Amino acid sequence: MSPIVKLTDVHKYFGTYKVLEGVTFEVPRGGVAAIIGQSGSGKSTALRCINALEAIQGGTIDVCGHAIQDPELNRRALRCDVGMVFQSYNLFPHLTVEQNIMLAPTCVKLMRKPQARDLAHQVLAQVGLAEKAEHYPEQLSGGQQQRVAIARSLAMKPKLMLFDEVTSALDPQLTGEVLKVMEELARGGMTMILVTHEMAFARKVASQVIYMHKGTVWETGSGTMLDSPRTAELRSFVNNGL
Amino acid sequence: MTTSAFSIVHFEFLCWAALWTIGLSAIALVGGSLLGFVIALARISSNKSLRWASSLYIQLVQGTPLLVLLFLLYYGIAVFVGPTIPSIVAAGAGLTIYASGFLAEIWRGCIEAVPKSQWEAAECLALRRSQRMVHVILPQALRIATPPTVGFVVQVVKNTSLASVIGFIELAQAGKLINNSIFEPFTVFVVVAAIYFGICFPLSAWSRTLERTLNVADR
Ligand SMILES: Nc1ncnc2c1ncn2[C@@H]1O[C@H](COP(=O)(O)OP(=O)(O)O)[C@@H](O)[C@H]1O
Ligand SMILES: [Mg+2]
Chain G
1 MSPIVKLTDV
11 HKYFGTYKVL
21 EGVTFEVPRG
31 GVAAIIGQSG
41 SGKSTALRCI
51 NALEAIQGGT
61 IDVCGHAIQD
71 PELNRRALRC
81 DVGMVFQSYN
91 LFPHLTVEQN
101 IMLAPTCVKL
111 MRKPQARDLA
121 HQVLAQVGLA
131 EKAEHYPEQL
141 SGGQQQRVAI
151 ARSLAMKPKL
161 MLFDEVTSAL
171 DPQLTGEVLK
181 VMEELARGGM
191 TMILVTHEMA
201 FARKVASQVI
211 YMHKGTVWET
221 GSGTMLDSPR
231 TAELRSFVNN
241 GL
Chain F
1001 MTTSAFSIVH
1011 FEFLCWAALW
1021 TIGLSAIALV
1031 GGSLLGFVIA
1041 LARISSNKSL
1051 RWASSLYIQL
1061 VQGTPLLVLL
1071 FLLYYGIAVF
1081 VGPTIPSIVA
1091 AGAGLTIYAS
1101 GFLAEIWRGC
1111 IEAVPKSQWE
1121 AAECLALRRS
1131 QRMVHVILPQ
1141 ALRIATPPTV
1151 GFVVQVVKNT
1161 SLASVIGFIE
1171 LAQAGKLINN
1181 SIFEPFTVFV
1191 VVAAIYFGIC
1201 FPLSAWSRTL
1211 ERTLNVADR
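Chains G and F supply the protein sequences, listed in that same order. If you read the first sequence in the numbering used here, its first letter stands for residue 1, the second for the next number, and so on. If you read the second sequence in the numbering used here, its first letter stands for residue 1001, the second for the next number, and so on.
So here's chain G without its partners, still in its complex pose (with noise of 0.2 Å):
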């Protein structure tokens, strides 16, 4: 089966500071791909030259048939494919709930108001959050919020998900509620890339797990790897990790 996300040899800088080097994977259909590694390595650059938020020096990124490289870049045909998800939400402020899930539908696909609250209300009862649907983001708890904002990404119908850092903010507590969103997704066969540091949820969840150091991949392989790590790198990060 042809992957959903194929990057080759990508190079990125900041100025003349190298980010990523050489970076090389591929995330097939239904997919669920774990990005860990030590703060600083690369892991959220990554996934957003993978969204075209960052633009890349070297090598090619495909997604979902979108060449990343391409000057010619279709950025919102890009963005309809995929969904993304942030350490600190970004919900609208200015928005309910519900308002926050209805406006893309809307806007990019000009979904009749009725048919997007159906579905706000659809995505909303998928992460557990379907009375909330008239609240205003700043009264839910940060876990509740990070459920809307992935129920917005979902409402887009993506083919992929990028979740970077997603539960990073929240308490222990929260954070289960927000993975356990994660991992229905999962079994549900969303294709997804998690940058995260739940070790336990990436050995579970992961039919991948990708350890990125100095802007590389250093290591991969399934969740199993994160038992007998090949590499000193990986043993150490995973030993001060758990």
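Short, incomplete list of chain F residues facing chain G, as computed with Cβ under 10 Å: (1) Q1118; (2) E1120; (3) A1121; (4) E1123; (5) C1124; (6) L1125; (7) R1128; (8) Q1140; (9) L1142.
Calculated from the structure, these hints are not laboratory results. Bear in mind the structure is a predicted one, so any value in this text is a computation, not a measurement. Even glycine gets a Cβ: it sits at the ideal position worked out from N, Cα and C.
Assemble chain F with the ligands onto chain G, guided by the hints.
What follows is chain F with the ligands alone, placed relative to chain G:
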């Protein structure tokens, strides 16, 4: 010259002049808002020459005393178009330009005060730039912009008094004319000040209400 006490006739004259103050302020604010909004957008545009041109405009307007701007429009333009233009036109244009230069900069700041992550979240939802602006950024910028905008409006109301230098009779000038005839500066200018206060205070009060309403919407 007969000297009489401050009377109802004088008060009526002041009220009539106050209408000109309000009218001139309204012209300046409507014109200045429209022009200022366009310039604020140009200031944050992705087009480099637009950014440069709008920045130059703002620097020029902010660096020119309003008094000089009014002289320039009233006497300077007359050099080219022959007879002097009506003072209301010169005053309206001068205050419009003045307001646009300041409002553009205030609003640019408010738009840029909305976190980058909001732009990015909207971008990730496939909204085009104009949609991000209209649905995500401007509503948040509006809330931030209310207090400084109203503060500036109050400045504009007070600065309309400068239009007297090109022969425009508004509240302050009317006070001066009355005082010239009755020599009761204290009475006259206390009344003038009270009328200015009567115009500006409701603005500030309205701003506070608006801020509260907008904050509720953001709850
Ligand atoms: N916008 C940026 N400009 C300059 N340097 C950046 C920028 N974003 C990230 N970096 C740098 O790139 C490196 C990798 O960052 P990042 O991808 O965020 O790492 P990670 O997510 O693995 O912690 C870090 O050294 C970081 O300081
Ligand atoms: Mg990161």
